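Respectively, the protein sequence lines represent chains C and P. The first sequence begins at 1 in my numbering and counts up by one. The second sequence begins at 1 in my numbering and counts up by one.
Honestly, I wouldn't trust all of these hints.
[Unchecked claim] Derived pair list, reagent style DSS-like, types lysine-lysine, alpha-carbon separation capped at 25 Å:
no., chain 1, residue 1, chain 2, residue 2
1, C, K107, P, K73
2, C, K44, P, K16
3, P, K3, C, K107
4, C, K38, C, K17
5, P, K16, C, K107
6, C, K107, C, K52
7, P, K105, C, K52
8, P, K105, C, K107
9, P, K16, P, K70
10, P, K3, C, K38
11, P, K73, P, K105
12, C, K44, P, K105
Keep in mind that the hints were calculated from the coordinates and are not lab data. This one's a predicted model, so the numbers in the text were calculated from it and none came from an experiment.
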Amino acid sequence: DAMVIQNPRYQVTQFGKPVTLSCSQTLNHNVMYWYQQKSSQAPKLLFHYYDKDFNNEADTPDNFQSRRPNTSFCFLDIRSPGLGDAAMYLCATSSASLFRVKATNEKLFFGSGTQLSVL
Amino acid sequence: AQKITQTQPGMFVQEKEAVTLDCTYDTSDPSYGLFWYKQPSSGEMIFLIYQGSYDQQNATEGRYSLNFQKARKSANLVISASQLGDSAMYFCAMRGMNYGGATNKLIFGTGTLLAVQP
Numbered sequence: 001d002a003m004v005i006q007n008p009r010y011q012v013t014q015f016g017k018p019v020t021l022s023c024s025q026t027l028n029h030n031v032m033y034w035y036q037q038k039s040s041q042a043p044k045l046l047f048h049y050y051d052k053d054f055n056n057e058a059d060t061p062d063n064f065q066s067r068r069p070n071t072s073f074c075f076l077d078i079r080s081p082g083l084g085d086a087a088m089y090l091c092a093t094s095s096a097s098l099f100r101v102k103a104t105n106e107k108l109f110f111g112s113g114t115q116l117s118v119l
Numbered sequence: 001a002q003k004i005t006q007t008q009p010g011m012f013v014q015e016k017e018a019v020t021l022d023c024t025y026d027t028s029d030p031s032y033g034l035f036w037y038k039q040p041s042s043g044e045m046i047f048l049i050y051q052g053s054y055d056q057q058n059a060t061e062g063r064y065s066l067n068f069q070k071a072r073k074s075a076n077l078v079i080s081a082s083q084l085g086d087s088a089m090y091f092c093a094m095r096g097m098n099y100g101g102a103t104n105k106l107i108f109g110t111g112t113l114l115a116v117q118p
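So that you can see chain P by itself, here it is in the shape it has in the complex (with noise of 0.2 Å):
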């Protein structure tokens, strides 16, 4: 079975500092896929990140970057330098590729809310 961990429901960061999203995953597919999306108050699902599993560095874009620590199933995000616009509902999500290569449904977290403060 598949299954993403977010333990933080809450946080708060001042504006311009950086903030680490935690996200712990489970999955005993061979090939997978992690995903970070954010989620403002409007409710659109905007993708931000994605990392593979065999991706050797670490994903990054722009302001976004993902602390991928395979060994200990962690898919962390990082927001460098908060703006007022990041406060938002935060999900890590999952896809896995069993050994036949059939992909399995994209699995999300109960999600993180970030709220920036000027």
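Here chain C stands alone, though its shape is the one from the complex (with noise of 0.2 Å):
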């Protein structure tokens, strides 16, 4: 009954390799967003998709980026990982309103994460 999906559960790359990390959802929510979470840290939002529409964190590393092709998915693409970069990376979701107005009681739903390494 998972409905929002992260794989895989723990990724394994190398220094400057690129990786990708995926989620979906089978809530049909229309906002999804991606929470970088190192050890002992708070979730740090990096951007989120408002349908189609790209919100990027002005703190986000270009080094981010992500791809929603449609409303069930969305990837968060690491084009050179470093060291730092190891985290948990969380997926979330939630549904906002026809106008776009989000209210301050809006829901997050969270996948379980992905643990990235970087060797």
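With the hints as a guide, bring both chains together as one complex.
Set out below in structure tokens:
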């Protein structure tokens, strides 16, 4: 009954080797988020999609890109992973109103995350 | 700027006892929402409870209740009758809405690791 699915659960990549993390959802939510969570730290928003509109956070490095080919899928691409990019990457979804008005009570549904290791 | 502070890195509680996890926040937004999420070792962030800044009553969801003290800018989570399955990381989070009606992103505190002992 998983609603937000992240694959793989664990991903190992080499320094500088591009890697893609995937997220899919069965909730038909129009908003999808990617968070980075380093050990013992708070999750940090990287970017989100509002339908097909991409919204990047100002402090997200250019090394991080995202694609959303359809409502159900969203990908996180790390073009040249560095050792500092080792972290848990969390995908989340939410449903915002027809007029793109988010409310303070907008609830996020998270996947189980992908733990990325960079060797 | 918005900020969430969780001052308890870790907590122990005996099974069946109640526990309070602290959360304070800072915001200049006139309206905001406060959330608590649970993150077990499996990694998934699970929504527990929500409190709106204009809600008249403190939120409750089963064994979870939120002790909201607006003047003190605190939103503590109370878990009653702790169970072994409550052992997890707990995150307090906030989303604000400015005077123009635009909402800010959801920001998280650094979390509290709760261990329930038999």
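Hints and how they fare:
no. : hint            : result
1   : C:K107 x P:K73  : holds (21 Å)
2   : C:K44 x P:K16   : violated (33 Å)
3   : P:K3 x C:K107   : holds (19 Å)
4   : C:K38 x C:K17   : holds (20 Å)
5   : P:K16 x C:K107  : violated (29 Å)
6   : C:K107 x C:K52  : holds (20 Å)
7   : P:K105 x C:K52  : holds (18 Å)
8   : P:K105 x C:K107 : holds (12 Å)
9   : P:K16 x P:K70   : violated (29 Å)
10  : P:K3 x C:K38    : holds (18 Å)
11  : P:K73 x P:K105  : holds (19 Å)
12  : C:K44 x P:K105  : holds (10 Å)
Against the hints set out earlier in the document, violations occur for numbers 2, 5 and 9.
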